[in-house]
Every structure is written in C-alpha cells, then in structure tokens.
Amino acid sequence: MTDKKKEFFLWRWLKRGLGVGRKELSFEEEEQIQTPMRAMVSNFVHRKLAMLGLIVFLSIFVFVMIGPKFWPLDLSDQDASLVNLPPSSNMMKVPEAMLKAGVADIAAGNTYGIGTDKNGEIYVWGHSRITDKIDVANIPDEVREADIVSIAAGTDHVVALAEDGEVYVWGNTRLKQDKFGNDMKKAMKAGGEDWEVVQLEASNQFSAIVCSDGNLYLWGNGNMADIKIRSKYEGKIAKVALTENEYISLLKDGTVAYTGYKDKNSPFARVPDELDELTVKDIASTSKTVAAITEDGQIFVWGNATKGENKIPEFASKPVKLYGGRYHYTALLEDGSIVTWGDNKYKQLNVPADIANAGNIERIFVSNYQNYALDTEGKVHTWGLKGFVLGTDGLGRDMLTRIVNGGKVTMTVGAISVIIATILGILFGGIAGYFGGRIDILVMRIAEIVGGLPFIPFAMILSAVIGSRIDPTQRMYLIMVVLGVLSWVPTCRLVRAQILAQREMEYVTAAKAMGIKEGTIVFRHILPNVISLLIVSMTLDFATCMLTESTLSYLGFGIPLPTPTWGNLLNGANNSIVIQQYWWQWVFPAAIFGVCTICINLIGDGLRDALDPKALGR
Amino acid sequence: MGKYIAKRIGYMALVFLIVSLLMYSLYNLIPSDPARAELEAQKQGLTPAEYERMYQELRERMGLDDPLLIRYARWMGLWPDVEDQGFNGLLEGNFGYSQFFKQDVIEVIKAPMSNTIFINIFSTILALGITIPLGIYCAVHKGKRIDNGVQVVTMLGYSIPIYIIALIFMFFFCVVWRIFPISGTKTAGAIYASKWEEFIDMLHHITLPVIVMTFASLGGMTRYVRSSMIDALSMDYIRTARAKGLKEKVVIYSHAWRNALLPVVTSIIGWFISIFSGSVIVETTFSLNGMGKLYWTGLNNLDFELVLAIQMFYTVVALMGSLIMDISYGLVDPRVRVDK
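Listed in order, the protein sequences are those of chains Z and P. Every letter in the first sequence is one number past the one before it in this note's numbering, and letter 421, counting from 1, is 421. Every letter in the second sequence is one number past the one before it in this note's numbering, and letter 189, counting from 1, is 1189.
One chain only, chain Z, in its complex shape (with noise of 0.2 angstroms):
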C-alpha cells in the first residue's frame, strides 16, 4: 500500500485513534471489531451538533488556557479614570476632516481625544461621555463660534483659548473647573501685552493658564489640587507642569521651582539638587512624577516613581523635548527620534517602528495612555491607549482581560473537582458494586445523605464557614474539594450498577477462577469495560461542577474577589444601572459562559446517544 505510506503519520494515528478514515461497519463487525471506547468515539464524530459543540468547547478552552499569557493578570490592577468603558477602539481615531485642515493642536483625555485644525474647528474623538449628561462633544455654541488655537483636556473637562485670548471651559463645570480666579479674569479683560497666554494646561479637575509676561493662573477645584501660586515666584514662570493634584513651575531664570503652597509634604517639592547648577530647559510631568530636561540633554525625574517613570533609558543622542503621559514619558531626540519609557500596560511605549527613527516629527501631543506625533507632512501618527474591545468594568479593569483569566480559573475549578468527584465516585462505587453486602448498604447509605443534601446551600455554608480563615488561593483549593466531596454520588451509583452488571460476565469468572485478587479484578478487568460511560458522566459533570463554581461566586461564597471567575463577573450584575448603561459589564461574561456549557451539554448528550445503540435505530 504505497498510498498510506505517503500519509503524514502523525495525520494517520489520529485518523486510527478517532476511529475515522476506514470504511463503515455493520454493526455485527463493528460488535467484534471494535472496542466500546472505539465504537462511540467513530459514532460521535458523525453526528454534526456534538462535533460542533466540541469543537466551540475546545476554542474556547484553548483560548482562556492560552489566553492569560497575551493578557495577563494584574490582581491589584484598578484605574479610577478607566471606569466602565463600553466596548470601543477609536480613542485615538483622529478624524479625517482635522487632517486635512492641518493639526492645530490636540489634547487627550481619559479615553477621549479632542483637538483643533488652522481653522479653528474643533474635533473630538473617542469616548467622550464623561457621565450621564455631561459630553465632552457637546461644544458650547460661543466656542464653535470662536476661532480656537490651543486645547488642554483635563479629567473631565476641557479648556479652549481662542484667537482673541477668551478661554472656555466645558464639561464636568460642577467642581469650579469654569471658575477663574479674580486676578485671572481682570489680567483677562485687560487683555493686550498681559495677556499673551504662551501656555494652556489642564489636569484633573484644574486648570492652569501662562502668559508672557511669566504670570501662572491656577483655576478649579482647590479641594484636591493646590491652585494657588506663592507671591515670590509671580512674573517668573516660564513653563508649568500638572501632576494629578499639584504642579512644578519652570522659571525664567532657567531653575525649577514647587511654587505652590503644599511645598512642604509634596514630594514634588525636593527638586534634585544637581539641578541646582544646570539650566533646566524644558518640563513634563506624569500623574505621580515629574521631569526636567537640562540644556546639556539630562533628564532627572523625581516624585513617586512606582511604574518606572525614572528607568531613564541611555540615549543615541541629545533629548530635547520632553512630553509625560500618565505614567510614561515621550522623549524627542535632537535627531528627531522618538524614546519612551514607564510604563507599557497599555503599549504606550511602543513607538511606531516607522517614525521612531524618521526624525520627520514636528510635535507630538502625549497624555493619559495616548501619544499623538504630528509630522511634516501634517500626518498623524499614534499609540498608546485605543480603547478596551470589550470595555471595562467598574473599577477599570479590562473586561477581555477578566473574561480570559476568569475562564482559565473556572475551567480548572470544574476540571478539578470533576477529578475529585470520579475519583471518589469510582472508589466507593467500585467497593459498594463488588463486595456488595453489608459495606454495600453502608456506602449507599452514605452516598444518599451526601446525595440528599442541598447542594448549594451546604456548599454555602462551608465556603462560608471553613473559608473564613484562610486566604483566598487556599479557598480555591477548597471551593474544589467541596464540589468534589458533594458530587461523587451519581459517579458512585453508576460504577456500581455497572459492577453488579458486570460482576456476572464470564470474564469475571474467568479471572477468578485464575485466582486474581478481588481488588485487581475490579480495578484493572472491570473498570476498562465501565470507562465509556463514565467519560459520559465526566463530561456532563464538568458543566455540572462548572455551573455550580459560578453560582457560589455569583452568590459571593466562592472564589473572592479579586480573582476572576465567570460567576463572580456576574456578581453585582443585578441591578438596573448594570443591566442597561454597562451592557458589557453582564453580556459577554454570561454569553461565553453560556456558550461553553451549552458545547459541554452538547457533547455529552453526542457521547450518550453515541454509547446508546437504542438512539442509533439499532
């Protein structure tokens, strides 16, 4: 057969494990050819649903086993300004209709983008519904109106300063972010020399504001953020820089300076003393740290540097720009290459290969997650931050994130105790079905209380009750060993029937007859012969042990929070705010769930009809 052997053989040994590939049987041939195990495996693979059930079922396993690797994850992970996003990937979709104008200036904000073309038209692209009411792109008429030639995007507002030197503010105004201070407005309506603004920033919440004639002016929420500017310093600013809640100023002379009033405890405040002899040219900040670029080309970063914002790298040549997003850095080389560093959740770091080392940039706009770089020929080129494909939950965390490490939690949770559970079911079932007799009674006793109890409520109580005092790793160990423990019954019925059915085949009498140990005889003659169905029964009692992890979760007595689970997903889903305005948050943990336990069901009802010669019309 010269056919055959052309077959790669990998490709031949599957063919002849699965049974496929040969020519059919009669089922009197296939009685005596074929294995049990053999026979259901080639029925089952004809039957479409089952298939296809296997097929999704294993995608999906391969996908949530596979994927934690692409999108690990971080338990402590949480981002106040990335809360319940809905599904989207055009946070930093620049519209078409800007480019062609030219860029003007862009800003970012949480998980939004918002600029200007040379006209003077505004663009706002992303998520820009900050809550309920308040849309960022919703632009008050007067600024439609007015030709805007700078933008800042604070947290959750937005400030524009036109041609004519106004400055408007929308957005969240509830917090004062539209309330400019006296000094501000009457330097304002002065208008002329005072009022050249060279400078347009807005953080969260606050906004800040630098003329040419060194002036600062802080307006908005002065609860959180220290608005206010020390006498000594007025008419010596040259550049300002926001943290969240504070600033560091760039003076004229060439220093950097905390000029605000929470000099004392800000760590902000304890500028690195080499500076002291270098000339600072230019300043950035990220949301907890702050950096400053000398004319020689170092860079000192200082504040608190938790995600590597002060990993300066080497650099091939002089950095003469400095751009902070929220935790990273944008570097512009002298030779107009880009570097980056901080950090890289969101790849925010990862500097298009094709302009990294172009040197054709002219500006580039950098905060939050998102980087902007404008080059000559007035193309925009981005990275950072696109949007999360399937949102985000209430505490920002990135909802394909959780559904994968969710499912690789639960899939072990149910395959485990599913183990636990045959193994149990197998042993007592084994003992009861072949000594029979009195530890017969007994073990049936025994499985009928365990098999009477309600099986939620009392693994309820004992997550409840044992889980209260130990950790959460070792109540995942637990939560398995009470699925197991409480559903080894209908495992244990089984083998047993099928013992006492088998207990009478010549077989068996064959073997004790050659004095085999009783043990032996159950365990290596008659378990093989049982092992179809219980693959049956491990499948059908995987969706079982898969439903009821996620019930407890759901229920909030099985794994706790923070780790992940299908159930626990869920937990919190049901009240009305959740259901309708954060759809993403309930739909896609419960449709994945929900597909992979109807493939489950699928394939055990294929493998019993494929075990069943009724259901073959036979």
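Heads up, a few of these hints could be off.
Claimed, not checked - Far from chain Z, by Cβ distances over 12 angstroms, these chain P residues were calculated:
#1 1049
#2 1147
#3 1327
Said to hold, decoys possible - For lysine-lysine, the following DSSO-like pairs were computed, each having C-alpha atoms within a straight-line distance of at most 30 angstroms:
#4 Z:48 / P:1007
#5 Z:48 / P:1144
#6 Z:311 / Z:321
#7 Z:176 / Z:228
#8 Z:288 / Z:318
Since the hints were made in silico from the structure, they are not lab data. Only a predicted model underlies this, so the values are computations on that prediction, with no experimental measurement involved. Idealized CB from N, CA, C, for every residue including glycine.
Given the coordinates of chain Z, assemble chain P onto it according to the supplied hints.
For chain P alone, coordinates are given in the frame of chain Z:
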C-alpha cells in the same frame, strides 16, 4: 406498606440527626462567643473583676463549657437546659435567636418561609403544566420541526445558569419594557387599601421570579418527559395496541403515558427539592424576601443560629422529598413492591 413507611421514617430521623450533628459541629468551628456578645452592652458600667465574674456565670448558664455532644443535644432539645432543667430545643420548636435581626429565629423565618413555599409551589405547578404536555407532544412528533425547535430551546434552558437567565429576563422585562419591578416583594412605602391590593402588589413583584424559575426548569423536565415517552412508545405493547386499531389518543395517554410516568415521578420530586435550594439564587438576584435570601443574609452576617435553622429546613425538605419519592414509586408502579 405501613411497615416500610415506618422504616423509612426511622431512617430519615437517623439521617436528620447525623446531618444536624454535622452542621452543628461545623457551626462550632466559628470562633464566636455569645456570652461576651450578650455582656457587651453592660461592659461600660462594670469593673474588670465584676465583668469577669458575670462573664463566667453567663458562660455557665449558657452551658458553653460543656462538651460538643451535650451542647448539640441541648440545641436539639434532647438534653435539659442548665437553668430550668427543661427541654427547650429544635424539637420543641425553639429555633434559636438571630443575632443579626435581634429576634427569635422563628419570628424571622415566618414571612420568608411562606413566600418561598408560595413561589416554589406556584412555579412547580406552572412548570409541570407546561412540560408534561410539551414533552408528550415532542415525543409523539419526534424528529419533526417543532420537536427540533423545542429541543434547541430546552437545551438552552438547562445549559444556561439560572442567574444568567434572570439577568436576561430582567434586562427585557424590567429595563427595556418596564413591566415588572426589578427587586423586592412589595412597593417601597406603599399603603394598601385592602388585603386584595396588597396581594396584587405582591403578585406583581413575584411574577418575574416565578417566570424565571419556571423557564429554568422547563429544559430538564421537558427532555426527561420526552425521552421517557419515546422509550415507552418504542415498546412492543404500543405496536400491539396500534395493531388492535385503538385510537391514537388512547394509545398515547392510556398505554404509553402511564408507563412513562414512573421515571418522570422520580425526577419531579428530585427536581422539586433542587428548586427549593435553587431558589437561593433567584431570591438573591431579585432581592425577594424568601428563605434563600434570608439564608444568604444570615451567612453574610455570620448569623449562624439563623443559618442553622434554615439549613435544617432544607434538610427536612430534602428528606421528605426522598420519602415521598419512594412511596409514590410504589403507588405509580405496582411492580415495585416497596414493602419487600
């Protein structure tokens, strides 16, 4: 038959004792001190020595220093109390005192118990009313388009966890169409003109939970009825009946259905027990004032006397269920001689 039932009841009592002992010792794993809790209120006005003396006295009076088995027997009502030497336990109707609700457990349980039983019986009747005719119809029309459609829907029904079904129903009925309230058993702050109005309001609140519970149990039961009907219809006596020229109705309902009933009865009772414990999920999801919700609240607040009492209720329901199952076995199928 009578002897058999007596034997079963004796066995049930034994199981009940074992389970309750198990639960009681589990409950005793919790580090809690009722004596200290009771003294907590007076602690301010006492000197340390006085406090210690009163504490020890109270411990003695409560019998906290006795061995576990004696405490268990006392709780159960099989051992005299320290104080008045009377029997005062579970068997005498004293279910304990709820620390969380600051009330006797029996008072706390009354209203939720009636709610739960009402909901469960209501949804059981509803589900049986739908599943039995549907299952028979599908079995008779096996392989037809309607049968396949029903198979798909029931597959969904029993695969999808009940709380996901609840969320989906909530989305459509409470959020999109706003037909039913999303939680609770009565309108907050409502004053009713009559009993009837109160009843209607309650009905309005529990309709959706009942629908969800019914829908969730449709799947399994319909499939069960269908498959046992198919088995019965494939028997030789059906062929005989048809060959005799009997009407199809008679063949189905008189010959096949009676024989298909046996496995159905078994599963109905098992399923009735499971919906009792399954109503924990529905009640918590809909914040219904039922046993399940109470159980959940008790567990979350570590109110273990309450939890223990409800757990006993579930156990009794389960045991009664299995007893009824065994007896009805004999009633439905004369071949099964239970008294043997």
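Hint by hint, work out which the structure violates, then give me just those numbers in ascending order.
4
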